[in-house]
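Going down the list, the sequences are from chains A and B.
Take 0 as the starting number for the first sequence in numbering that gives the first Met the number 0 and just add one per residue.
Take 0 as the starting number for the second sequence in numbering that gives the first Met the number 0 and just add one per residue.
Simulated from the structure, these hints should not be mistaken for lab results.
Hints are not guaranteed to be accurate.
What the hints assert, rightly or not - Derived SDA-like pairs (lysine to any residue); straight-line CA-CA distance at most 20 Å:
(1) A:K91 with B:A86
(2) A:K104 with B:G225
(3) A:K104 with B:K195
(4) B:K195 with A:E220
What the hints assert, rightly or not - The following label-pair restraints were derived from C-beta to C-beta distances:
(5) A:A245 with B:G26: 41 to 51 Å
(6) B:G26 with A:G93: 51 to 61 Å
(7) B:V109 with A:I61: 51 to 61 Å
(8) B:G128 with A:R196: 21 to 31 Å
(9) A:D94 with B:W127: 52 to 62 Å
From a predicted model like this one, the values you see are computed outputs, not experimental measurements.
Positions of the beta carbon are idealized from the N, C-alpha and C atoms, including for glycine.
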Amino acid sequence: MNLTLKVWRQDGPNDAGRLETYDAPDVSPDMSFLEMLDVVNERLINEGRTPIEFDHDCREGICGMCSLVINGVPHGPQRATTTCQLHMRSFKDGDTIAIEPWRAKAFPVVKDLVVDRSSFDRIIQAGGYASVNTGGAPDANAMLIGKEDADTAFDAAACIGCGACVAACPNASAMLFVAAKVAHYAHLPQGQPERDRRTVKMVNSMDAEGFGNCRNYYECEAACPKEIPVKFIGNMNRDFIKAVAAGNEG
Amino acid sequence: MNWLLRSLQSSLGKKFLVAVTGLALLGFVVTHMLGNLQIFLGRDALNAYAAQLKALGGLLWVARAGLLAFFVVHVATAIRISLENRAARPVRYAVDPGIQRTVSARGMLVTGLTVFAFVLYHLAHFTWGWVMTDAHMLTETLADGTTRHDVFSMVVAGFQQPLIALLYVAAMVLLGLHIRHGSWSFVQTLGLNHHKFAPAIRAAAAGLAWLIVLGNISMPLAVLFGAIGLPDGVTV
Ligand code: HEM
Ligand code: FES
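Just chain B, same shape as in the assembly (with noise of 0.2 Å):
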């Protein structure tokens, strides 16, 4: 296995572990929205959905330790890159208006750490129940006299707040831009380019950031203007 571990401490290395993991976490993330969208067809669904997800048991926690392994050697491969990068040009130009780099680009080490700052924070908020202990503790009653978490609530609550809200876009907006660079940028670093689809991989992944931005932002944007709003009898 030492061929392998060498291989992938190369720089080129370093790029494909990057590349591979930034793909599994994309693919969480078009999950992780999709999953949650089913907030706009009401309470129910997304209740249904959750505790669907809290079934799956040993399987949900198979999952969860492999995207925790994915965050953790894409943050730390992310940044060591970005520090021997620093590392490679001691002295800065005095004039550098660069000529093709986008902002998406020269972001990344930033809107990745935001992003990183973010995801502790929404873990906080919605999985530990930190922010808002109340809402957390929400369940639902079904006909048949069981309850469930009432996630939809506990959701609806936190968007309320309009500080919460704006910073779940926030975060979102720098997600995209993370997303804008990073899901054309992979194709190129695992090999899979091709010159005459470069253009279109560009614009399909620039779509991708959008539709992941705008399909993130419109659920806390639904509360807070209350196009969704907490169920009859639910207060918090």
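Just chain A, same shape as in the assembly (with noise of 0.2 Å):
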């Protein structure tokens, strides 16, 4: 396949950055998206240029530090895929894409395709654990969970905080991140002490970092890599408002 590329050149936060377009020969349908560019690198270090910066680490879609807002949409066309499991099948020969770094003011670029994701550490930091006292660890299955729970709470725990959702969004807005922290610690037991306390705390961190609000566009559901449901945005609304109404807004 030969593509070309019009991928996002910054040198540095403060530049105003540019689309450069590239030649991507030779591109095996085979390969994965990165694998695509570590390719047309490995060129421009030949020639001497810089090489595209871009996030990556794991490259089996678990870690979360891949990212690219391919043609328009995060992590490229294929649902519930991260760019670094996405295959250059996807495309056709002859394709031109676009390459773009998630785009948020909370999310300022670093180099290139590389954004500083560190806000989402901060909300996490507000309010995204559960507290628990050292001693003696319990048996494990001693404290029981419901399936049902079980398994909601695991559906919130998939995802990977890449900030897909953020990049979607319209408004630039992480609705649906923090929904899914809160709801994987509200549908668990050892969540319950520090529920009101950690969405109040983490919605506030959330707003004070520059994220957008969300207004239903559930542009974040189809983006996830993890495919987390935006019901999980309309409980974390509940859960504000009981908060809010029960005194404990913090």
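Take each chain as given, in its own frame, and dock them per the hints.
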């Protein structure tokens, strides 16, 4: 396959950035999207040019490091798939592919396609945990958790924190990410003591980071590589209202 | 009260305000339409209904004040949210096709602002009587010799002007788009969602939007196409 890439290049956080065009000849349909970029980068390095910076780590769809908005869709055209798991057979010979970074005020560009997602870490620090006392470890399975709750908590815990929801949202809202973290704990007994406080603190932290508001476009759900459902957003709205009504707004 | 104000200023709190006030406005839109549809029952029915509303006196002013408050909070909060949303994405995407966003969701600010402009025109037209002064002055003399405001003839005279009728139709289509998104979105915003009912709620919202559009545009269209005309002896 021969492809044309239009890649966002930005020298640093303060550079204005621009789309640059690159040829990608002889691409195998069996390559992953990131392998295709590796090949392009090798050629750039051989030609003495600066390679395209992009984030990645596990390359098996579990770490949440890879990103890339591909032809306007975070993680590219294949549903429920991270960029590292996307294969070039999803494209046709002769295609032009636009590659842009996650775009959000709360995700500033570091270089090219690499953005700083530490705003997510600060939201987790604000409340995305369950406090436990140290001491003897409790017996495994001593605390019973209903199958439905365990399954729902696990669905929410599938979030890898990649930020595709923010990238996809026309308002750059982080609702799906925060709602997944809130739902994860809200369905487990260990999450109950701090439930109200956690919801309010994480929402406040999300606001302080400069993410937008949710308008129920549901683009996040469609872009999420882990298919986190938007019902968690409604559930978080409910939890937030309950927390405020109970006077536990922190 | 500080805790409440602070919570209402959060992203979720602001959306809560928009949803609650939007719901109240939706209730008004439906009631307003049902009342006005009495135009199809004839001059007597509509004028009697209008006189009844006027007779509410103080209560009418309480309702108007409440409606105004809901409207102001809805518009001010929605504009604020929209500005924040714009600021949250300072650099736009070069390629941005969207995946499953709808036109109605995308257009909320535009449809809302047009509805706002339309409401001002509508008040100037039928409530303040600035658009067609003569038609606004019309009265009907009843059998017992008393007179009442001839709302029926005022409305018919207005909609006999093709431009005015078309303006009302266009405004109602935009209101319908606003309601198409808003009347299911509030369910999620208020946390009343249930994933099993979500498709049914969206279908019901679309149905409600159609009903509101068709119900409201039936009035100007009926006049425009001559199905409803001025009563005998009334000229404007
Ligand atoms: C009678 C007229 C109106 C009705 C029935 C109405 C109804 C609604 C409803 C039910 C919502 C959904 C709230 C939610 O998503 O939870 C909404 C949202 C919205 N309304 Fe209205 N509205 C009206 C007028 C206006 C006006 C005049 C504006 C002018 C700015 C406006 C702007 C908005 C915006 C921007 C949103 C989206 C807020 C967001 O989700 O971010 N609306 N409206
Ligand atoms: S690189 Fe780890 S999820 Fe893609």
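A quick look at each hint next to the structure:
1. A:K91 with B:A86: At roughly 36 Å apart (the allowed maximum being 20 Å), A86 (chain B) and K91 (chain A) break the hint.
2. A:K104 with B:G225: Not satisfied, since the Cα-Cα distance of roughly 56 Å exceeds 20 Å.
3. A:K104 with B:K195: Cα-Cα ~35 Å, so violated.
4. B:K195 with A:E220: holds, 16 Å
5. A:A245 with B:G26: 41 to 51 Å: violated, 28 Å
6. B:G26 with A:G93: 51 to 61 Å: holds, 55 Å
7. B:V109 with A:I61: 51 to 61 Å: violated, 41 Å
8. B:G128 with A:R196: 21 to 31 Å: Taking Cβ atoms as reference, G128 (chain B) and R196 (chain A) lie about 56 Å apart, which means the hint is violated.
9. A:D94 with B:W127: 52 to 62 Å: holds, 59 Å
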